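Visitor: Working from the sequences, and respecting the hints, build out all of it.
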Amino acid sequence: VTTLLLLFIASVIIAMNSLVITSFIRGRIPRTKANFYIVQLSVTDLSVGIAILFNILSRSVTDFSTNSWFCLIGTLLILCNSSASHFCILAMTYDRLESLRKALSYHGDMTPMGYVSHTLRVWLIPFLVYFFLPLVWSNTIKDTPFDVCLDLYIVKREFLAYLQLPMMIIVFLGVVSLY
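One rule links them: number in this note's numbering = place in the sequence shown (from 1) + 1183.
Treat the hints with care, since some could be wrong.
[What the hints assert, rightly or not] SDA-like, lysine to any residue: derived pairs with alpha carbons at most 25 angstroms apart: (1) 1285 <-> 1304; (2) 1285 <-> 1339; (3) 1285 <-> 1303; (4) 1339 <-> 1359; (5) 1325 <-> 1239; (6) 1325 <-> 1342; (7) 1325 <-> 1275; (8) 1339 <-> 1324; (9) 1325 <-> 1346; (10) 1285 <-> 1275; (11) 1339 <-> 1244; (12) 1339 <-> 1247; (13) 1285 <-> 1324; (14) 1339 <-> 1261.
Just so you know, these hints were derived from the structure itself, not from any lab. Every value quoted in this text rests on a predicted model; they were computed, and no experiment measured them.
Guide: Right under this line is the structure:
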């Protein structure tokens, strides 16, 4: 039952976010910074839906649920994508503040170089900190108490305590302070 529910949720996430991305690609949504961040949020949510499918597979197939690398990649996909989503919300909030503070001089249209720089703002830190760092700094399945893939055990406790939690708090405080 849980697997079917997760499959349904992942399918809805993928379908709805694909519609937003398709509309932006076809040019039916204006190319502004705010809309770009909404599309980036859709991309991160779409990748979370794909990561959910990856995690369903890792939990359903016995060979995958006892494989350290498969478990680690599934966990890091969720960490990286959800963190990119947080950074996207932070960037969107900052963009809205900038448009209010500099109402006369604010230019919301995007240029090709703007696409690259704003994409890096959303994805660079989450990809480096939440994907590559735990890839080298993680436990194996043998180090976990149950010898199966559990997200909180495969990632080092120090990473969660000293990087994941403080970064979430910093992003939260950043969004709150901008409001």
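Visitor: Evaluate each hint against the coordinates.
Guide: Evaluated hints:
1. The suggested pairing of residue 1285 with residue 1304 holds, with an alpha-carbon distance near 21 angstroms, which does not exceed 25 angstroms.
2. Pair hint residue 1285 plus residue 1339 does not hold up; C-alpha atoms about 43 angstroms apart against a cutoff of 25 angstroms.
3. For the hint linking residue 1285 to residue 1303, the alpha-carbon distance of about 23 angstroms falls within 25 angstroms, and the restraint holds.
4. Of the pairs offered as hints, the one joining residue 1339 and residue 1359 is violated, with about 29 angstroms between alpha carbons and a cut-off of 25 angstroms exceeded.
5. Straight-line distance between C-alpha atoms of residue 1325 and residue 1239 comes to about 21 angstroms, which keeps the hinted pair within the 25 angstroms bound.
6. Proximity of residue 1325 to residue 1342 is assessed by CA-CA distance (about 18 angstroms); at most 25 angstroms being required, the pair is judged to hold.
7. Restraint check for residue 1325 and residue 1275: not satisfied, since their Cα atoms lie roughly 41 angstroms apart, outside the 25 angstroms limit.
8. In summary, the hint linking residue 1339 to residue 1324 is supported, as the alpha carbons are separated by about 12 angstroms, within the 25 angstroms threshold.
9. The suggested pairing of residue 1325 with residue 1346 holds, with an alpha-carbon distance near 23 angstroms, which does not exceed 25 angstroms.
10. Note on residue 1285 and residue 1275: the hinted pairing holds, with a Cα-Cα distance of about 15 angstroms set against a maximum of 25 angstroms.
11. A distance of roughly 24 angstroms separates the Cα atoms of residue 1339 and residue 1244; the hinted pair therefore holds under the 25 angstroms criterion.
12. Restraint check: the Cα-Cα separation between residue 1339 and residue 1247 comes to about 20 angstroms, which is no more than 25 angstroms; the hinted pair holds.
13. Taking the CA atoms of residue 1285 and residue 1324, the gap is about 52 angstroms. The hint is violated against a cut of 25 angstroms.
14. About 15 angstroms separates the Cα atoms of residue 1339 and residue 1261, which keeps this hinted pair within 25 angstroms; it holds.
In summary, the structure is inconsistent with hints 2, 4, 7, 13 from the numbered list given earlier, while agreeing with the others.
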